[in-house]
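On the provided structure of chain D, position chain L as indicated by the hints.
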Amino acid sequence: MTGAVLGMELRKLRALRRTYLGLAGAAAIPVILLVALETGDGGPPDEVPFARSVEGVGLAVPLFSLAFATFFLLPLLASLVAGDVISGETGGGTLKTILTRSVTRPQVFGAKLLAAALYTVTLLVVQFAVGALAGSLVLGTGPLPTLSGTEMGFGRGLMIAALAALFAAITVFTLASFSLLLSAATLNTVAAIGGTVILIVVLQVAAQFASLEALRPYLVTEQGNAWFGLLRDPVDGRALVRSVVVDACWAAPCLIGAYLIFTRRDVLS
Amino acid sequence: MRAEAASRLAAVAAEAPALEVRGLVKRYRGFAAVDGVDLTVRRGDVYGFLGPNGAGKSTTIRMLLGLIRPTEGRIRLLGRDRGAHGQGALEGVAGFVDQPAFYGYLSARENLRLLSRLDDPGRDGPAWDRGRRDARVDEVLGTVDLGRRAGDRVGTFSTGMRQRLALAAALLRAPRLLILDEPTTGLDPGGVREVRDLVRDLAATGITVFLSSHLLSEVEQLCNRAAIVARGRVVAEGTLAELAGPEGLYTLRVGDRARAGAVLGRLAAVTAVEDPGTGDTLRIACDPERVDEVAPALVAAGVALRALVPRQNALEERFLELVEGRAAP
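As you go down the protein sequences, you meet chains D and L in turn.
Position one of the first sequence corresponds to residue 1 (the working numbering), numbered consecutively onward.
Position one of the second sequence corresponds to residue 1001 (the working numbering), numbered consecutively onward.
Isolated chain D (complex conformation):
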């Protein structure tokens, strides 16, 4: 039955304009960055990883976009769906239509969660695919330099860059799960998306305070570049695992909270 509800969720996503808005946004990020890099006079900013190495390295484009977008843009795009899967249904009154069929609330919740997760992964895949394709076409297929100073060939680089995108999806989805919680709690899509933006900004500001230095490694927003571990030689597995644990510690309470609210709340709309 969860499969049937998931099919329904995906059919709805296919029919909604916002779905394509998000995907277009994800596709636009690497293109805009590429154009900016190619036309700018002063060269790329120093502090962005991989920006220095774009000369002749097409694969730097998807990685550069990832470093640029995982902190704010991608979580925001993922929230367009995650922040609406529950509140959109109650707002339109269709939740009661679904819940008077043979499906249970946990099944409906599971399907909505999966739909939001699939959409997040799709965003990352689209951004990676567009970035890798555009980068390779414009800049070429030169070997990708690692953060440890070594190089890897195009084939391996392509695989690592794809893995990096999928890995970044974990952090993006963790932030989207906060959106899902707000969607369930407030039944208001604008509040869910806006609340997530506020959370991201607050955590990023908090990370700037020296007195909060000790907290920094545990902030979800600081996990946005954990995929750098994949670009070290050898791969820094500990950094990757650590980041997954931190993400899980943020996502679990959000998702459990959303589940409890969704399965217990009176459906009044």
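Since the hints were derived computationally from the structure, they do not count as laboratory data.
Warning: the hint list may mix true and false statements.
[What the hints assert, rightly or not] A few chain D residues facing chain L, derived, Cβ under 8 Å:
{"hint": "1", "residue": "V5"}
{"hint": "2", "residue": "M8"}
{"hint": "3", "residue": "K12"}
{"hint": "4", "residue": "G92"}
{"hint": "5", "residue": "G93"}
{"hint": "6", "residue": "K96"}
{"hint": "7", "residue": "R101"}
{"hint": "8", "residue": "T104"}
{"hint": "9", "residue": "V267"}
Here the structure is a predicted model, which is why all the values come from computation and not from measurement.
Glycine included, every Cβ here is placed at the ideal spot set by N, Cα and C.
Leaving out everything else, chain L in the frame of chain D:
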């Protein structure tokens, strides 16, 4: 042994009332929207749940459908306990509450196809394949006369069409108990008639119908039994004749009210005389078999009799008394 026990359970369930509600309460921060409702709807009934807006009808139906949790009380649908069976209690049950809602950006057919996949085909039916489900969607769309608009987006539908689509969505589940919340609200006269005809046709096929309404005339036209609900409580319940109260209430217009009252008071057939104290009107309760004794008695006593009419709208008066909390005469 288990199969035997299961079939015995099924037999018990088949005999159980279609709907049984005991001591149902829903409180919101101390305010009781539903305040101890008891209902018994037998199989085959077309049961009216009649009350003014805000009486707790929709709240009750939301609890029947499992959308909100009762504060207290028990609900059994087709013999299955709502609390113990969870969503499984809705097997064989379909309906809607408030304004039925669909995905406006999808067509009517697509809405129903998606919903049909969320239905358990039931233990009795074979596992339905997609083709059979889709064929069933077109069948129910035809039943509610939406066949020609099936491919149009629901966002373009009128209120009446949405109401009929909601009925089609309910019929998809091949229900034995249909729960409808104000199915004709917001419809034009033509739409009201169509929906009422449809409900009548469905009831004729043996489906038990539980329908809420704030319109007495609707309940009178469609239902054989009804509960009148006011301020969260059932204030009267029974067949429509029982609800209308005793027969044999008459209104008289006479020349001399006081003398007429005295004459009628002595007649054995007249069990009560009500004198409003002004005008020329008297109200009496009289054995309907012997009402023909009234006029000769008045004429013999020299009292002019201008009119003798049976009380019309007895049910309506009773309804208003009950829901407005006026004392019964």
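Results for each hint:
1. V5: With a minimum Cβ separation of about 6 Å from chain L (threshold 8 Å), the hint on D:V5 holds.
2. M8: At 5 Å from the nearest chain L Cβ, D:M8 passes the 8 Å test, so the hint holds.
3. K12: At about 6 Å, which falls below the 8 Å cut-off, the nearest Cβ of chain L leaves the hint on D:K12 intact, so it holds.
4. G92: 6 Å, holds
5. G93: At about 3 Å, which falls below the 8 Å cut-off, the nearest Cβ of chain L leaves the hint on D:G93 intact, so it holds.
6. K96: 5 Å, holds
7. R101: 4 Å, holds
8. T104: With a minimum Cβ separation of about 5 Å from chain L (threshold 8 Å), the hint on D:T104 holds.
9. V267: 4 Å, holds
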